[in-house]
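Number of protein chains: 2
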Amino acid sequence: MSLAEVRPDNDADVDVGAEMAAIGVAARDAARRLANATTKEKNAALRAMAAAIRDNAETILEANSADVDDTRAAGAAAAFIDRLTLTLDRVEAMAAGIEMIAELPDPVGTVMAEWDRPNGLKIDRVRTPIGVIGIIFESRPNVTADAGALCLKAGNAAILRGGSDSFRSSGAIHAALVQGLEAAKLPATAIQMVPTRDRAAVGYMLGGLNGNIDVIVPRGGKSLVARVEAEARVPVFAHLEGVCHVYVDRAADLDMAKEIVVNAKMRRTGICGAAETVLVDRTVADSHLAPLIEALKAAGCLVRGDDEARASVPGVTPATERDWSTEYLDAVISVRVVSGIKEAIDHIERYGSHHTDAIVTADEAAANRFLSRVDSAIVLHNASTQFADGGEFGMGAEIGIATGKMHARGPVGVEQLTSFKYKVRGAGQVRP
Amino acid sequence: MSLAEVRPDNDADVDVGAEMAAIGVAARDAARRLANATTKEKNAALRAMAAAIRDNAETILEANSADVDDTRAAGAAAAFIDRLTLTLDRVEAMAAGIEMIAELPDPVGTVMAEWDRPNGLKIDRVRTPIGVIGIIFESRPNVTADAGALCLKAGNAAILRGGSDSFRSSGAIHAALVQGLEAAKLPATAIQMVPTRDRAAVGYMLGGLNGNIDVIVPRGGKSLVARVEAEARVPVFAHLEGVCHVYVDRAADLDMAKEIVVNAKMRRTGICGAAETVLVDRTVADSHLAPLIEALKAAGCLVRGDDEARASVPGVTPATERDWSTEYLDAVISVRVVSGIKEAIDHIERYGSHHTDAIVTADEAAANRFLSRVDSAIVLHNASTQFADGGEFGMGAEIGIATGKMHARGPVGVEQLTSFKYKVRGAGQVRP
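In order, the protein sequence lines correspond to chains A and B.
Okay, so the first sequence: first residue is 0 according to numbering that gives the first Met the number 0, each after it adds one.
Okay, so the second sequence: first residue is 0 according to numbering that gives the first Met the number 0, each after it adds one.
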């Protein structure tokens, strides 16, 4: 059985450790080949992958139906089933997404900086692939296509480990990706899917497969990320939760604040860039607080608040200490009145997750202070936190949003999936 | 007792865990302040630190004498004692090094990229400090000054843990750094020295001090680095050993090859950029091999070789399989004949440490192939591997050379000690 295929159920006869080790070795070999693949080869593979996804749409949807049926029978929540479910539109969006990645500039080989030394040495800092990326994700089957395509574009091999519930869907998508790789004569093992639901496979990946995984990207909920961060023996692109804030400053235009706050919370409540807390400057509490809360309630949002927020509008339930650090991922928001920008920044520093935070203000100095001092991956002035997205940043696509500060921070697109090296050219120089 | 002071010996009454936790909290607080320190403040502190080192040269040398006496009495090797020993010249070099760091451009706040989106959002990618850097080093006391100053310049707080043998020397240097911080009214806790020789302190640092260390930089030998990589629960700037190669291509000028090979090995044998293996293209073995080996021998180098190398010159001892992956850090080199550039690249990939590798050739195409395909932090054409150094790269100073591919690779200078954030400026945009 080839590694590209998917074994539908656990098989006691299979040594998962040995199987995972072999996947690691194959990935490293593929990475060596990919590091020297031309842009043309990689883009040809991506376009062939998109075509194969379209050609196999029916097969993918059938596999997905089987996953959805089992998951529904097991009594999963509606939101979970929605994330799992594919439609013809969603399959087309996957294919189009891969084609968009083909259109992106190839980061590999880009000269990031170049300079000459007094001794005549010429130094270039050049982007290179990282090597092998391990991606551990949950129910969304489209991650298979997005992550595989992004890794390939950056010249990296990928080892994908999807959720058990989307196992057949991911497998069918993966088979299409492999068709694309083969059509472009790139190694089929450039994108491998872990062929077992056995959770031990995740443990092996977190151990680094004997040095054959360079970085792990977890995509999923808190418990997955926590396990990855606790157990990984290789670097991880950390993604903590998105406890995002909108601070409504004393110089905020009320209409703009209302629009931004409602969008930041309610456009989609389940994404990591959704706002979870609104902070309002006490100076404008009289004028702004009630209209902001009313606008949220009118949009269908439950509001929890401190005493001042509760006093301003009926129907606000009390916020507890825990609310300030809670990522609701739902139509719920907490509202707090603060004494000004300093207290707002302190609150965000204390309770936030360094993901995405916004200020609404007409005061440029206040905005600059907020953007400089809030220590988050993304800080916005007069814009919704829901813009925290690689596509919205113009990166074409993202594999996730990193909240750590090492290597990648914010949206992780093709550039963030690269490393670099120094190329030094001389004419016989030796060091004195 | 202030954390800036040094407790000369282990004290059973001290709870090292609690003490280390307090150091972590103080470092995080200092890092918040440093993140917003101006370039002027940071440079004033650096210049005051340099002045304090000069003013306290006598104290530093006395502390160092005590360290050296104890270490010599314990029977340490001469090379070890040399690394430990300070002289007035070395103290002056430390002070001058800090002043050079003051002269470097401040990386913090630099706009790395900026672009506009069709919806009018303006996005800046801006350098920020990382936060708190933990540095674990061994006998060289000057690392105290270099590492502390580099971290400060990049707006980071530093927690330094030096070797037991240099404990008093590092403490005296650290006291001077604190004087400089205080003179510039920056927090004394911006650069802290672990005030105990107790090895448990290292374990606490590797655990991350409750999230208060963002990255660990190990500076030392293989066993230190191995412990750090095995135990660290936070990101590490990996520094594997430097198994560096010089490949003498068929199109190599013999005189240039001799000069580069001898310099790469013999200029200083104890640094990580020293060459450990010479690979010679069989096509020019008849003309090049014997003169290269003779030149190495004439420079005082022991040569180990494969059969062809041994046949070319008397006095070459046999190289075993283990030699190809050995970092001698001494006047010893291994020599191997290869069938051409492909075999050279394969050898480097198999036995090397992805640190620094050079090709000597007059053939541009071969050079480009080598520079692209050898997967090392630094790849050189017609230049000595001993140029693997932040100072030689024009970075002013370095905290070490990273052989990993995440975040930093190659010399780690002030830029590599930064992270970044995205500042997004709008005019009320919400996401459709």
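Simulated from the structure, these hints should not be mistaken for laboratory data.
Any given hint could be a false lead.
[To be verified] Straight-line alpha carbon distances no greater than 20 Å define the calculated EDC-like cross-link-like pairs of lysine to aspartate or glutamate that follow:
{"hint": "1", "chain 1": "B", "residue 1": "Lys39", "chain 2": "B", "residue 2": "Glu98"}
{"hint": "2", "chain 1": "B", "residue 1": "Lys121", "chain 2": "A", "residue 2": "Glu181"}
{"hint": "3", "chain 1": "A", "residue 1": "Lys121", "chain 2": "B", "residue 2": "Asp362"}
Note that the structure is a prediction, hence the values are computed from the model and not measured.
Handout entry: Hint consistency between Lys121 of chain A and Asp362 of chain B [alpha-carbon to alpha-carbon, up to 20 Å]
Key = 17 Å, holds
Handout entry: Agreement of Lys39 of chain B and Glu98 of chain B with the hint, judged by alpha carbon distance not exceeding 20 Å
Key = Roughly 13 Å separates the two Cα atoms, so the pair holds.
Handout entry: Pair hint outcome, Lys121 of chain B versus Glu181 of chain A [Cα-Cα no greater than 20 Å]
Key = 41 Å, violated
When held up to the earlier numbered hints, the structure conflicts with hint 2 and nothing else.
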